[in-house]
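Asks: Since the structure of chain A is already known, use the hints to place chain B on it.
Keeping their order, the protein sequence lines are chains A and B. Numbered per numbering that gives the first Met the number 0, the first sequence spans residues 0 to 124. Numbered per numbering that gives the first Met the number 0, the second sequence spans residues 0 to 328.
Straight-line alpha carbon distances no greater than 20 Å define the calculated EDC-like cross-link-like pairs of lysine to aspartate or glutamate that follow:
#1 B/Lys298 to B/Asp260
#2 B/Lys153 to A/Glu86
#3 B/Lys153 to A/Asp19
#4 A/Lys73 to B/Glu278
No wet-lab data here; the hints were simulated from the structure.
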Amino acid sequence: MNIQELARLVNGNFLANNGDLTREVKGAFAADLMSDVLASIQPEAVLITGLCNPQVIRTAHMADVAAIVLVRGKTPPEETVSLANSEGIPFISTPFGMYEVSGRLYRAGIRSLENQVNAKDCDCG
Amino acid sequence: MATEPDSSSRIITDQEVQQITRTEELAYELKVEEVMTRNVKCLEPDMQMSQALEMFRSERISGAPVVCGDILCGIVSLEDLIRCLTNYDLDALVREYMSANPVTIRYTDPVVEALKLFVTTKHGRLPVVDEHNRMLGILTKGDITMGMLEALQKDFQAEELRRYRASHLFEDIVSDRTSLILRYNIKPRDFTNGGAASSNIKRALVRLGANPQIARRCGIAVYEAEMNLIIHTINGGVIRVEIEPHQISIEATDDGPGIKDVELAMRPGYSTASDSVRELGFGAGMGLVNIQRCVDNMKLESTFGKGTRLRMKIFMNPDASVGEGHSAH
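Bound conformation, chain B alone:
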């Protein structure tokens, strides 16, 4: 958005603020010094323009800053050089043809400031200086693009690394039978956080390298079980997931009220949920049916007045096993 010609003078609406992307965020997060080119070839005021021409040719550049010691005092662009050539004046000094007091950018400024300057000044490059006007580097739009791509790449690699480490978990630990156990306490009527446990379980499976179908089936089954604990239980319950390379065992337990008629509860469309629960999009009487469809093995035990225990298993074929270096894709 900062690259649109009129954006610097325009007020950004609330609606547009909501649409800020990661790239736009980066324009504010990244500082000029992180993306600029250092060790820039510089000219001096007393050099001849023929030396500038030679530098442009050998370095394949189209402009260079002019420094007095390490202080920036001007810039020579391709236009300045053409002006000099038109006058057949290559013996002239750089100070005669350079543009003095060029537009600069501070090394501590966010990249978005540079983007604005590119738009308003139509310059192709900006000298980067410190508070004493000392020359530190040069910044082009290309530098900004590269800097942003690198930052996005870092974001991506961080997640890849987390995924890689997790996916080798079972390989790195030697035992006769290794398993990873995840436990979640589910509070009754906690609709705001409803599904948080399932989300975390699904994410863990993806990081462990489970294939997407297994992660999806497991996520849906646990989500339905989690919502049942939230909707129906008196004191909430516990979800326990045991992950092994060959299977996932899930257990949802609570201490009441228990189910009166387990067979009836399993019937599609049968529900005891209240209207307020139905308004949330649940209580259609499909939860247990959905679970059964998603898992390989399901066992529902309940004693009315005591509590309920729902056990589920998902088996993994060799291709889909988790934690043995199989990637999620």
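Pulled out of the complex, with its shape left as it was, chain A reads as follows:
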């Protein structure tokens, strides 16, 4: 599946499409906390998020994100869209929520590109 096909799967609309839309999707990651993204996302993932400030694009640039899916049909500020265009990161808006989008992608065979948290680094081991 490429970025364009992924957008179709989530009834998405391109807010910014400067970038390679025929690029094959390697996997995805969902989070609203940018620190979580920076800590755990693997390179070339599609980022699913509900945040729409310019920091999302900065974070995506740092973490080599392949495309961003903005959930719940939000309208991001103009700075976010123009930053996405100038960094060449495809930016997709979908009417669905984060759970629905993740579910659709997972069912379509898109795997998770999240680094596991080390058991010794948390209280869950």
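Replies: For chain B alone, coordinates are given in the frame of chain A:
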């Protein structure tokens, strides 16, 4: 989009305007004269159709403009020639079989105008003329495709060249120890530009030929440090990055307020950030932990009431060293 049959008569919505690609932009930027074929073989009205046949065969073309002096007066297409052949009339003059007053395009028009004409007229080629109808060249869809590919190639080469020049920086300068120092002043609470310094640092590293993993690690570490300066400091701070072929040294300094308990600040999940900062997706108490994961060496010194200095180092193995002609890929 201009190649869709109904696009010329249809109003383009705002949503579609947002989806214009670089290729579509080029259709508006490129002028016909930049992509057309010059030095076109032309016919004259008083030539015989047998000469047209011979020209089509020897030049392997399927149409030719007809000129009177240098003024365009008609065009002979393959259909015209077939009509002539069907009539066994090869001795006839070109003027009898040519299509007079052909559809033309001006040399100053953008390529998109030509694309529209190809769609509406279904012609395979358009004679290119100036304001006095003087024949300048011919334009086919193939010319447009080639012109666009060349323009895209130029875009690509410009970035490659910037990258190549930067990646030989350290080789070209002789000294006992060469380093490149980048400095950025970070303003407090400047969330709009938050991350701009890190973006520039990452871009510089990629141009210098650092491998993508090093650029990514460095980018993430500096970004977290930059956001800390924006979120927590009173007067902002300075980020200083020193790039050497074997290592990258990063320093983020500020003059307050300083950290009360450095050990506590290093604990995953501990944060003093306000709710408004958390709404931006930061303040999860993972910044320093993330930095530690990304760098090879980290030192955090802080005096409460005075200020903080965070020093980080990323070492490069020979394969990953920057500025010595190693490409980023």
